[in-house]
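There are 2 protein chains.
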Amino acid sequence: MTGKIFVVGMGPGGQEHISPKAMEVMQTSDIIAGYKTYIDLIKPILPEKEYASSGMKKEVERCEEVMQLAKEGKTVSLISSGDAGIYGMAGIMIEVVNAHNSNIDVEVIPGISAATSAASLLGAPLMNDFVTLSLSDLLTPWELIVKRLHAAGSGDFVIALYNPRSKTRIKNLDVAIETLLQYQKPETPVGFVKHAMREKQEVHYTTLGELKNCDIDMFTTVIIGNSRTEMVGGKMVTIRGYKI
Amino acid sequence: MTGKIFVVGMGPGGQEHISPKAMEVMQTSDIIAGYKTYIDLIKPILPEKEYASSGMKKEVERCEEVMQLAKEGKTVSLISSGDAGIYGMAGIMIEVVNAHNSNIDVEVIPGISAATSAASLLGAPLMNDFVTLSLSDLLTPWELIVKRLHAAGSGDFVIALYNPRSKTRIKNLDVAIETLLQYQKPETPVGFVKHAMREKQEVHYTTLGELKNCDIDMFTTVIIGNSRTEMVGGKMVTIRGYKI
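In order, the protein sequences belong to chains A and B.
Just so you know, we're using UniProt numbering here: the first sequence kicks off at 1 and counts up by one.
Just so you know, we're using UniProt numbering here: the second sequence kicks off at 1 and counts up by one.
The shape of chain A in the complex, shown without the other chains (with noise of 0.2 Å):
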């Protein structure tokens, strides 16, 4: 007797933006792992099934407890938000099976990303070459953090920002507005999401030189244009080069 473990990527949190297979995978499990704050949005669309959720922080024991159950013969879907494969639990729980030696199926089964459902809200500010980083330093050294916003600039990518600030972390995005005005206008358009497609929704533009003043926290994707971006009809877009 095997389990099995899906990795799945439920999306920007609304049932609407769940792919019928995320569904599906979730609907056969056994049981349904993941974060406290997932889970509370998965359990009104699926109220019959067992639960399983971990606090924040707790990444290596979910992964372990999956292991467990799965090795116990249940199908376990362990689910993140957005998509599973962006800075979720995918990699986390390849690793934790190959460390057991376990032969356990782990399938990753894709979402729709904060960067894209963001960017979807705020007109098409991803329409040519982006860089998608997080500015949480607790697993990359800030001094790698510094070093990739130089070459984001340098490269004149557009930036989806993930993590821009929590409450023990505040001064990363300020550091990461510093270092982009070296190779950005300070009038660059930027736009912000909180809570993207969830109830309490909240869509902003601002300007690079803007953005320090402004309310980010950790429910806020925020998205930095380029040399290209511009305001197009009251939306973020950016250029691509197509002759209109």
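Worth flagging that the hints you see were computed from the coordinates, not collected in a lab.
Honestly, I wouldn't trust all of these hints.
Intra- or inter-copy, both count: the list cannot distinguish identical chains.
[Said to hold, decoys possible] Calculated cross-link-like contacts (lysine-lysine; reagent style DSS-like; alpha-carbon spacing at most 27 Å):
no., residue 1, residue 2
1, K147, K185
2, K171, K58
3, K147, K243
4, K57, K185
Following the hints, complete the assembly by docking chain B onto the known chain A.
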């Protein structure tokens, strides 16, 4: 009587990865417009709808046609594969509506991107900061693409390559590989996926040093690892730094 335009990301291909929201707006639209290849994917799923398909490289004409239909009061879904805001139709549609000084509403419906669907099949290569980069120099100057390759290499980013090679664009990928080999080892894991989540799907693993010998075409998404990317239990994973 005012029309409405939805720009819809349909994900990698099959119905199981189209979000309920995308399906709903296509179902309630008067007409579904798009590039012929994508229309052919949707027709079997929604056979009763009216369609307007167009050829490749006719992006501006396609948007003008959608604009005209919306002016006549129609609700139109303009579809792209993957996410419509990533090298898709979202930006140009907003530009065309703006150029007509029209107040017709353009709503972008996000989808599962080619990068995330390919990544999910390969394992978890996008677990940390990454660059999304197109090697097509139809709209972006080649010098800028090379500059971005250097930036991506110097920042030790994972890279999701779009449009890696076409029949008329053979050498761009070779130059990209040579450029990245200035920053990453030849053993750096690389994965590539053809026809992700469609009938002819192929999933391949190689290395940066061997990539030049692989059969890459315009239906391929290539993901190039960084210094922290490893093959873990047969899958490509970028290590984020959790203590297992």
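Go through the copies and call it for K171 and K58: within, between, both or neither, with a Cα cutoff of 27 Å. within (25 Å within a copy, 46 Å between copies)
Is it within a copy, between copies, both, or neither that the alpha carbon of K57 lies no farther than 27 Å from that of K185? neither (37 Å within a copy, 32 Å between copies)
Is it within a copy, between copies, both, or neither that the alpha carbon of K147 lies no farther than 27 Å from that of K185? For K147 and K185, the Cα distance is within 27 Å both inside one copy (19 Å) and across copies (19 Å).
Is it within, between, both or neither when you check K147 against K243 at 27 Å Cα-Cα? between (35 Å within a copy, 24 Å between copies)
Checked against the numbered hints given earlier, this structure breaks only hint 4.
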